[in-house]
Amino acid sequence: MSIDMVLIVGLILSAILTVRARPLTAALWLAVLSAITALLLYRLGAPEVAVIELSVGAGLITVLLAFAISMAEDESMPASIVPRPFAWILILAAGGLLLWLILPQLPGVKAATAAEAPFITQMWENRLLDLLVQIAIIISGVIGVLSLLGESRRTAEPKMEARS
Amino acid sequence: MSPLQLSFMGIIALLGVGLYALLASRNLIKIIIALQIMTKSAILALVVAGNATGRINLSQSIALTVIVVDTIVAVLALALVVQIKRQTGHLDAAKLTDLRH
Numbered sequence: 001m002s003i004d005m006v007l008i009v010g011l012i013l014s015a016i017l018t019v020r021a022r023p024l025t026a027a028l029w030l031a032v033l034s035a036i037t038a039l040l041l042y043r044l045g046a047p048e049v050a051v052i053e054l055s056v057g058a059g060l061i062t063v064l065l066a067f068a069i070s071m072a073e074d075e076s077m078p079a080s081i082v083p084r085p086f087a088w089i090l091i092l093a094a095g096g097l098l099l100w101l102i103l104p105q106l107p108g109v110k111a112a113t114a115a116e117a118p119f120i121t122q123m124w125e126n127r128l129l130d131l132l133v134q135i136a137i138i139i140s141g142v143i144g145v146l147s148l149l150g151e152s153r154r155t156a157e158p159k160m161e162a163r164s
Numbered sequence: 001m002s003p004l005q006l007s008f009m010g011i012i013a014l015l016g017v018g019l020y021a022l023l024a025s026r027n028l029i030k031i032i033i034a035l036q037i038m039t040k041s042a043i044l045a046l047v048v049a050g051n052a053t054g055r056i057n058l059s060q061s062i063a064l065t066v067i068v069v070d071t072i073v074a075v076l077a078l079a080l081v082v083q084i085k086r087q088t089g090h091l092d093a094a095k096l097t098d099l100r101h
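Chains as they are written, first to last, in the numbering used here: chain A, 1 to 164; chain B, 1 to 101.
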């Protein structure tokens with residue numbers, strides 16, 4: 001059994017455990033899933049993205065999820081509205097269609113790396129617009145979080161005054 | 001079966017598990033976690049596509065954009081979840097019907 005096979009089995013197992021667990025445990029399993037994804041990305045020849053996925057996916061997102069779960073404190077798992085057989089039929093149809101359409105087109109071996117610009121040039125020169133959009137998204141995300149959490153401070157203030 | 005085809009089958013399975021979690025859960029935090037699982041499969045699919053066409057650096061830079069956007073989506077969604085919990089007292093997606101009228 002090759003190491004790729006082991007990684008993919010681990011990937012699917014950790015995904016199933018993430019889905020079945022309660023929110024806080026699911027956040028920890030998601031970190032494991034991120035770590036395995038990073039390993040697989042490294043095996044596929046993308047070390048830069050693997051490092052970022054490991055630090056962001058297994059680090060930042062897990063901390064944020066644990067923080068949000070501790071603030072919201074709701075571990076209830078109500079039953080789904082969508083009937084489970086219908087969900088399974090939908091997923092199997094979508095997965096089967098993707099496999100049927102894309103799998104035959106994948107080459108058997110890795111393609112020889114064409115004369116391509118290095119990653120730094122590709123990112124900072126060829127995809128400069130992407131970088132600018134990323135900066136805009138980060139700024140708007142920060143403004144969004146500040147306004148969402150700042151609103152609660154404003155609503156909390158009258159209570160403080162009433163108490164004093 | 002080649003490593004690329006094997007990885008692609010794993011990606012489809014991961015996408016299926018994420019889609020099932022998205023359909024089957026009503027807890028808002030579990031819905032965010034399901035979105036995270038689906039995004040991971042998208043990142044892996046981008047890198048597999050880059051590997052198959054020999055343009056791995058291009059796929060890496062696009063995957064990086066996906067990671068950034070996904071992180072911001074998760075952060076904003078978690079802030080919304082905290083606010084929903086404060087305003088309504090629960091995290092059940094089916095009970096959030098205030099905007100239906």
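Be careful, since some hints might not be right.
Mimicking DMTMM-like on lysine to aspartate or glutamate, the simulated pairs with C-alpha atoms at most 20 Å apart in a straight line are [said to hold, decoys possible]:
(1) B:K85 with A:E48
(2) B:K85 with B:D98
(3) B:K95 with A:D74
Each pair of labels, with its calculated beta carbon distance range [said to hold, decoys possible]:
(4) B:D92 with A:S140: 16 to 22 Å
(5) B:D92 with A:L128: 41 to 47 Å
(6) A:R22 with B:T97: 23 to 29 Å
Per the computed footprint, the stretches of chain B lying under chain A, defined by three or more beta-carbons under 8 Å from a beta-carbon of chain A, are [to be verified]:
(7) 19–28
(8) 33–45
(9) 63–71
(10) 89–99
No lab work stands behind these hints, which were simulated from the structure alone.
Glycine residues also receive a C-beta, built at the ideal position from the N, C-alpha and C atoms.
Each hint tested on the structure:
Among the hinted pairs, K85 (chain B) with E48 (chain A) is inconsistent with the structure: their alpha-carbon atoms are about 37 Å apart, more than 20 Å. This hinted pair checks out: K85 (chain B) and D98 (chain B) have alpha carbons roughly 14 Å apart, not beyond 20 Å. At most 20 Å may separate the alpha-carbon atoms for a hinted pair to count; K95 (chain B) and D74 (chain A) meet this at roughly 14 Å. Remark: the range hint 16 to 22 Å for D92 (chain B) to S140 (chain A) is contradicted by a beta-carbon distance near 28 Å.
The hinted window of 41 to 47 Å between D92 (chain B) and L128 (chain A) holds, with their beta carbons roughly 44 Å apart. The supplied range of 23 to 29 Å is met by R22 (chain A) and T97 (chain B), whose beta-carbon atoms lie about 25 Å from each other. Check result for the segment 19–28 of chain B against chain A: holds, 8 residues qualifying (beta carbon to beta carbon below 8 Å, three or more required). Coverage of the segment 33–45 of chain B by chain A holds. Counting CB-CB distances below 8 Å, 7 residues qualify, and the rule asks for three or more.
Evaluation of the coverage hint for the segment 63–71 of chain B: fulfilled, as 7 residues show C-beta separations to chain A shorter than 8 Å, against a requirement of three. Beta-carbon proximity to chain A at under 8 Å applies to 4 residues in the segment 89–99 of chain B; the threshold of 3 is reached and the given coverage holds.
Hint violations for this structure: numbers 1 and 4, all remaining hints satisfied.
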